[in-house]
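Participant: Okay, here's what each chain looks like letter by letter:
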Amino acid sequence: MAAYVRNLWYMAAWEHEVPDSGMLARRLLDQPWLLLRKLDGAYAMLVDRCPHRFVALSKGSRAGDVITCHYHGLSFASDGRCVHSPFGHETALAASVPTQPVVARHSALWFWPGDPAEADPALIPDFSGLDSDKPLTRAVLRMDANYELIADNLMDLSHAEFIHKATFGVNGSLMAVGRHEVLSDADGAIRNHWDMDDAQPPEWAKQMLTEGAKVDQWLHMRWHAPASMLLTIGLAKAGTGRAEALMPPAYDPHILTPETQNSTHYFYTTAATAEAADFALKVFLEEDEPMVKSAAEGMGDADFWTLKPLILPTDAGAIRARRRLMQLRRQEGES
Amino acid sequence: MAAYVRNLWYMAAWEHEVPDSGMLARRLLDQPWLLLRKLDGAYAMLVDRCPHRFVALSKGSRAGDVITCHYHGLSFASDGRCVHSPFGHETALAASVPTQPVVARHSALWFWPGDPAEADPALIPDFSGLDSDKPLTRAVLRMDANYELIADNLMDLSHAEFIHKATFGVNGSLMAVGRHEVLSDADGAIRNHWDMDDAQPPEWAKQMLTEGAKVDQWLHMRWHAPASMLLTIGLAKAGTGRAEALMPPAYDPHILTPETQNSTHYFYTTAATAEAADFALKVFLEEDEPMVKSAAEGMGDADFWTLKPLILPTDAGAIRARRRLMQLRRQEGES
Amino acid sequence: MAAYVRNLWYMAAWEHEVPDSGMLARRLLDQPWLLLRKLDGAYAMLVDRCPHRFVALSKGSRAGDVITCHYHGLSFASDGRCVHSPFGHETALAASVPTQPVVARHSALWFWPGDPAEADPALIPDFSGLDSDKPLTRAVLRMDANYELIADNLMDLSHAEFIHKATFGVNGSLMAVGRHEVLSDADGAIRNHWDMDDAQPPEWAKQMLTEGAKVDQWLHMRWHAPASMLLTIGLAKAGTGRAEALMPPAYDPHILTPETQNSTHYFYTTAATAEAADFALKVFLEEDEPMVKSAAEGMGDADFWTLKPLILPTDAGAIRARRRLMQLRRQEGES
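Residue numbers (the working numbering), protein chains in the order written: chain A, 5 to 339; chain B, 5 to 339; chain C, 5 to 339.
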């Protein structure tokens, strides 16, 4: 399996997922981690494994910002240092738990599994659209597939014409009038754009329009390594140069963080209603996940490239993202 | 694990298993396959994996003899060629799904996983006894064991005296008066014969006989590589030179096709009654399978030969079949 | 995974676990075994695998001290020799099932998986405290963890102050006044002693004492390779030089035998009441096992030493036991 790129910000959790205890245990990049909200509101992230006998510190108790292991009572500060040994052993005080930088931004916690010296918060992808005060459901689900397979799905939206025909379907507009363009930003972001001018409106938009009216629609997916994506969906009256928007552009994060090589934390948002949450779950779990898992089953243990996939122009965004990750892996392997 | 011999006909399914949709997905020899009944009634067999993004084509839809992948809409003809790309990509039309020869014969579908040029239907073992019009239940079950272990069971019928004592038991006749002979045919078939003359009748035959009458009974198992077996059971009044048959000889296929190295599709027939079907399932699942699985557990990951099995004269048929498969594997490895 | 030390006595079962049939099947040290109580009351231990077709002999039947395989009817004596072939095959009579020495002592069965010539029953650890006639529940449970991890738990009783605070807790006395000493016996036994003089009594002992009275308490754990442990718990009126015992010393075997590298048979005793049995199960399954499994998860596939555990003075007994096993493994590897 391909190594994880380490010198990157990965989303670890939504802030609201950290419970009142201030401790959230989560497996990320094949390691157990403990996310700790400190008394001052800032966060720490420690490997969730006592250096003494390897049990999860998250099974322990907390007093202030100090966590005490439930097995033999060693206590650790939020910077990982052992600060108390109940039997007074001085050697214990030289021990520590590894930590990594973690930062709260855009209602989410971002961690940097690589060299802490390079962990510049300015490199966190911009999801400031999430900073709004309007009600929003910030959700997460787990998919049993490698994160790059799920990113492939999101970076090739032509699948919407087939898998999501009954839900998000765009009535064949992608095929009929879609223009597809892939752009690379200076910061390494990849933009996978679909633009449909003078198109049949999608089912869900018809109620906003007079009979027979056409629309300009655009689906713009932005990707940052490793797989932090943002989908913008716009809809305007046709022929207005997008000036007469039919709705404010939808702003949909699709942020993927590997739990293991074969499972992924999938962070997303929906409108703050039970219907919207149910609808999103249905689409993800009944439409996308079966296809992604079928792809994973079809691949078995084989590497993506060794299977010599047929590569189509519609794959350009997904392939460019895969190549970018390969490049980053190579850089880290070389350094 | 031992490789599969590829230049052989394997039974893939009973014809009636292919549903009205004309598409049956089945894992065979560790690969996913799609069996397709074409409009003209002939069959095709395609690897059940889209060459684009590796999802199962069997999750797609069918129009005429063309299958359309549900993920991104590529369409494939029954010969595997990509015949339509919804986004008009010409490169797609150069792609194809691998296919293998498949033939319907004796109510079953037979496929050839090796070199298509060698796939001569005349090499399909003769199961013409299945071609009769009389009602018959054509069944399949799945056993969690390597197909060679199940074949060992069938090629050494001495086990009937112990495992099947209460069901198929032959009242000790195999031990008392059984003559055992193993023959090899020119075409590679192996015949494992048990003949019992002047024997106590089996329990189930007593109602056909006068008190104390004896019988001649024979159990003849014919094996073709990889593990397509046919059992003939005959019963005649003793001392008539088998002229006075007590029943038409029973004609029982036991055809094994590996699903994986550790699981097997077991094809068989029974009389067309619920009782007969229940009885067969009981015998296979409660009597044979526990023993075969116990053998598999006892072997663990070890190869059969490295465990130095005690080899008895009664094993002659099973061992000859194992050696024949080894020989075929060696031939394919050399060619 | 570390090899098993073979020239040692391991506990296989409590005698009462062998059912009326006289046959008990159990996986021990990654192999299937059949424990047989012979007609004369002595025991035999055979590999539970027929040398012919590898099925479990324990699925067979027994007549006298002879076991007949249910698959093809070969019969084996308690010394492993094949004594009957139903088809009269002479080669069968040269076959045999491997056996190992097994001895009944202290209500338990002990087996020696190494060289039988070295299997001296005098080397069985002394658990004669179990020989008493007083009612006692002799129990076994299975833990999904390597036996050395469970032994680590038992050889570092400082964990009682944390995990068992609500059950066996010693009110902080281990930390406050505990003296810890580790001794090695000439026979290879390791003694891990905790002594607490003039200590607060444990909760469960308060009813025996006047308000405010103090006690001398001791927890002495004795270890024999591979992981056969005996815990003695003593309690006396403080200041009497242990002369005025408050109860007869508790005598608690904790005997671990690997089922596999990742699962362990844990033999123990309790008072012969349902309450005592429930209490012990609760402590083992709700307090100890979650920690031991968390340690196993934290270690993953890594070897204990490569993870560079923090080693504290309280670990001295556990570490000495681990080193002793390494030494024994090395000896067996060299010989």
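Hints listed in this document are in silico derivations from the structure and should not be mistaken for laboratory results.
Any given hint could be a false lead.
Since copy identity is lost for identical chains, a pair holds within one copy or between any two.
Dumping the calculated DSS-like pairs for lysine-lysine here, alpha-carbon to alpha-carbon at most 30 Å [unchecked claim]:
#1 K210 <-> K297
#2 K297 <-> K312
#3 K138 <-> K42
#4 K138 <-> K63
#5 K297 <-> K241
#6 K297 <-> K169
#7 K42 <-> K241
#8 K63 <-> K218
#9 K312 <-> K42
#10 K210 <-> K169
#11 K241 <-> K312
#12 K169 <-> K312
#13 K210 <-> K138
#14 K241 <-> K169
Participant: The structure should be examined with respect to each hint, and the outcome stated for every one.
Facilitator: Here is how each hint holds up against the structure:
1. K210 <-> K297: neither (33 Å within a copy, 56 Å between copies)
2. K297 <-> K312: within (19 Å within a copy, 38 Å between copies)
3. K138 <-> K42: Close inside one copy (27 Å), not across copies (56 Å); limit 30 Å.
4. K138 <-> K63: neither (36 Å within a copy, 40 Å between copies)
5. K297 <-> K241: neither (38 Å within a copy, 60 Å between copies)
6. K297 <-> K169: within (19 Å within a copy, 46 Å between copies)
7. K42 <-> K241: neither (49 Å within a copy, 46 Å between copies)
8. K63 <-> K218: Cα proximity of K63 and K218: none, with 58 Å in one copy and 33 Å across.
9. K312 <-> K42: between (49 Å within a copy, 29 Å between copies)
10. K210 <-> K169: Within one copy, since 15 Å is at most 30 Å while 65 Å is not.
11. K241 <-> K312: Neither: 42 Å inside a chain and 65 Å across chains, both beyond 30 Å.
12. K169 <-> K312: within (28 Å within a copy, 55 Å between copies)
13. K210 <-> K138: within (25 Å within a copy, 60 Å between copies)
14. K241 <-> K169: within (22 Å within a copy, 69 Å between copies)
In terms of the numbered hints stated before, the structure departs from hints 1, 4, 5, 7, 8, 11, listed from lowest to highest.
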